[in-house]
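The task is simple: from the sequences and hints, build the whole structure.
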Amino acid sequence: MKAIKFKSDHRHPIIAGAKVETRRLSDPGVSVGDVVEAFDGEPYALIDCCFCWGSAIDPVHQHRACRWCKGTTKVPNVPFATLKVVDTFEQRVGELTDDDARAEGYARAEQLWDALLAIYDELDLGMTMFVVRFELLEAHNGNPEGQIARYERARRSGT
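The numbers in the sequence shown follow our numbering, run straight up by one, and end at 159.
Hints are computed from structural coordinates only; laboratory data are not their basis.
Here a beta-carbon is modelled for each residue, glycine too, at the ideal position from N, C-alpha and C.
Treat each hint with caution, since some may be false.
[Said to hold, decoys possible] Cβ pair distances, simulated, as ranges:
1. D99 with T128: 11 to 21 Å
2. D121 with N141: 31 to 41 Å
3. E138 with G41: 11 to 21 Å
4. L137 with G29: 10 to 20 Å
5. Q111 with R133: 10 to 20 Å
6. N141 with T97: 31 to 41 Å
7. R92 with N141: 30 to 40 Å
8. E95 with N141: 35 to 45 Å
9. R92 with G29: 13 to 23 Å
10. E95 with H140: 30 to 40 Å
As structure tokens, this is what we get:
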């Protein structure tokens, strides 16, 4: 399944239905009809790389790091939602409207502009953005620690 990552402050507006679009400078690689998983940050978490029993949750980064070998490996993170792509199109940055802002979970175009500037260092009014409109299919109760524990149990049992 394809994945789209969002800033952590987008999680609740998406689940509440207040955010139904996302704008990106690069093509997100999704098409109308695609079902995608929405991630808060990267679609992978890091966990210990060995079978020693010295791993502990890092409370800041929510991953496991081995106390002895300091090694890590990637394990799938927990998506916070499953979305269906209902439309994709391109839009010039200078064409942003209050309606676009509301679809992104903001009240006015100026707020959307400020949010985009916080993500992208430079924006030009003539730049083209890729817009993905989506609908929420399912919200997940994300539990990174539970996902890591399931992964480790499966790894230790060899399944």
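Status of the hints after comparison with the structure:
The hinted window of 11 to 21 Å between D99 and T128 holds, with their beta carbons roughly 18 Å apart. The supplied range of 31 to 41 Å is met by D121 and N141, whose beta-carbon atoms lie about 34 Å from each other. For the pair E138 and G41, the supplied restraint of 11 to 21 Å holds, since their beta-carbon distance comes to about 19 Å. Range check, L137 to G29: about 19 Å between beta-carbon atoms, so the 10 to 20 Å window is met.
The hinted window of 10 to 20 Å between Q111 and R133 holds, with their beta carbons roughly 19 Å apart. At about 34 Å, the CB distance of N141 to T97 agrees with the hint of 31 to 41 Å. Checked against the hint of 30 to 40 Å, the pair R92 and N141 passes, with Cβ atoms roughly 38 Å apart. In this structure the supplied range 35 to 45 Å holds for E95 paired with N141, their Cβ-Cβ distance being about 37 Å.
For R92 and G29, the Cβ-Cβ distance of about 21 Å falls inside the hinted range of 13 to 23 Å, so the restraint holds. For E95 paired with H140, a C-beta distance near 34 Å keeps the hint of 30 to 40 Å intact.
Checked against the numbered hints listed earlier, the structure breaks none of them; every hint is satisfied.
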